[in-house]
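Chemist: Each chain is listed here by its residues.
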Amino acid sequence: QKEVEQNSGPLSVPEGAIASLNCTYSDRGSQSFFWYRQYSGKSPELIMFIYSNGDKEDGRFTAQLNKASQYVSLLIRDSQPSDSATYLCAVFTSYGKLTFGQGTILTVHP
Amino acid sequence: GAVVSQHPSWVICKSGTSVKIECRSLDFQATTMFWYRQFPKQSLMLMATSNEGSKATYEQGVEKDKFLINHASLTLSTLTVTSAHPEDSSFYICSARDPGQGGREQYFGPGTRLTVT
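Line by line, the protein sequences are chains A and B. For what it's worth, the numbering used here labels the leading residue of the first sequence as 17, then goes sequentially. For what it's worth, the numbering used here labels the leading residue of the second sequence as 3, then goes sequentially.
With the rest of the complex left out, here is chain A (with noise of 0.2 Å):
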């Protein structure tokens, strides 16, 4: 089993809709969670990070977090084209390392 899973997609939305992107992590004391966008070619960008059960929001994004069940999701709202890219899941573990997971490719098309 990965440490952290994701589903490399491709995801496809429309713009405007909804994006969902899902995470599952194996190690149950981790207590931090990020998610990273990585265009193509260029190193990954922190967009949100969230440590307590519940939702957090900031503009477009939402990050969910559910420790109970090992499961971290972002949804983006309104997406753009501008969304597209790569989202990678990551998860501080009780061991002390930030752990990616593969990533999911998100395609926000006109």
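In case anyone wonders, no lab produced these hints; they're calculated from the structure. Please note that a few of the clues may not be correct.
Quick list of in silico lysine-lysine cross-link-like pairs, DSBU-like style, CA-CA up to 35 Å [what the hints assert, rightly or not]:
1. B:K43 - B:K22
2. B:K68 - A:K18
3. B:K66 - A:K58
4. B:K22 - A:K83
5. B:K43 - A:K18
6. B:K22 - A:K72
7. A:K72 - B:K66
8. B:K22 - A:K58
One side only, chain B facing chain A, incomplete, derived with CB under 8 Å [stated by the list, open to error]:
9. F69
10. L78
11. F110
None of these values were measured; they are calculated from a predicted model. Cβ atoms here follow ideal geometry from the backbone N, Cα and C, with glycine treated the same way.
Got chain A sorted already, so can you dock chain B onto it with the hints?
Modeler: Below, chain B without anything else, positioned relative to chain A:
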């Protein structure tokens, strides 16, 4: 967020030569920096954790004699790829946490694309 820079952004070198990549934290002091490698269409793989004033901690399978890491100051870590070979061609990215912001968020530099011919 915290700003991390890298230099150079890309480099081409001949097989057998060495290449040094610099990583700097611009607006904070980083006692710990991280070096990652990313091959095309793959996720980030942690290579090593760089600690200021002490030896780096390497991940399993990473040759410490080939990938030399030096963290001589609180704002600079360097990665030297020694005797580079074509299979070392990759995207190398450093990152750091800003202790002034709680230390949990990790920010990445822009990356260095290495091509070994």
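Chemist: Take the hints in turn and mark each one as holding or not.
Modeler: Evaluated hints:
1. The straight-line distance between the Cα atoms of K43 (chain B) and K22 (chain B) is roughly 24 Å, inside the 35 Å bound, and the hint therefore holds.
2. A distance of roughly 28 Å separates the Cα atoms of K68 (chain B) and K18 (chain A); the hinted pair therefore holds under the 35 Å criterion.
3. Between the alpha carbons of K66 (chain B) and K58 (chain A) the distance comes to roughly 26 Å, so the proposed pair stays at or under 35 Å and holds.
4. Distance check on the hinted pair: K22 (chain B) and K83 (chain A) sit about 41 Å apart at the alpha-carbon level, beyond 35 Å; violated.
5. The suggested pairing of K43 (chain B) with K18 (chain A) holds, with an alpha-carbon distance near 17 Å, which does not exceed 35 Å.
6. The hinted pair formed by K22 (chain B) and K72 (chain A) fails the criterion: a straight-line CA distance of about 40 Å is larger than 35 Å.
7. Pair hint K72 (chain A) plus K66 (chain B) does not hold up; C-alpha atoms about 40 Å apart against a cutoff of 35 Å.
8. Simply put, K22 (chain B) and K58 (chain A) have alpha-carbon atoms about 20 Å apart, close enough for the 35 Å limit, and the pair holds.
9. The closest approach between the C-beta of F69 (chain B) and any C-beta of chain A is roughly 18 Å, which is over the 8 Å cut-off, so the hint fails.
10. Interface restraint check for L78 (chain B): the shortest CB-CB distance to chain A comes to about 18 Å, outside 8 Å, so the restraint is violated.
11. A least Cβ separation of about 5 Å between F110 (chain B) and chain A falls short of the 8 Å threshold, and the interface hint therefore holds.
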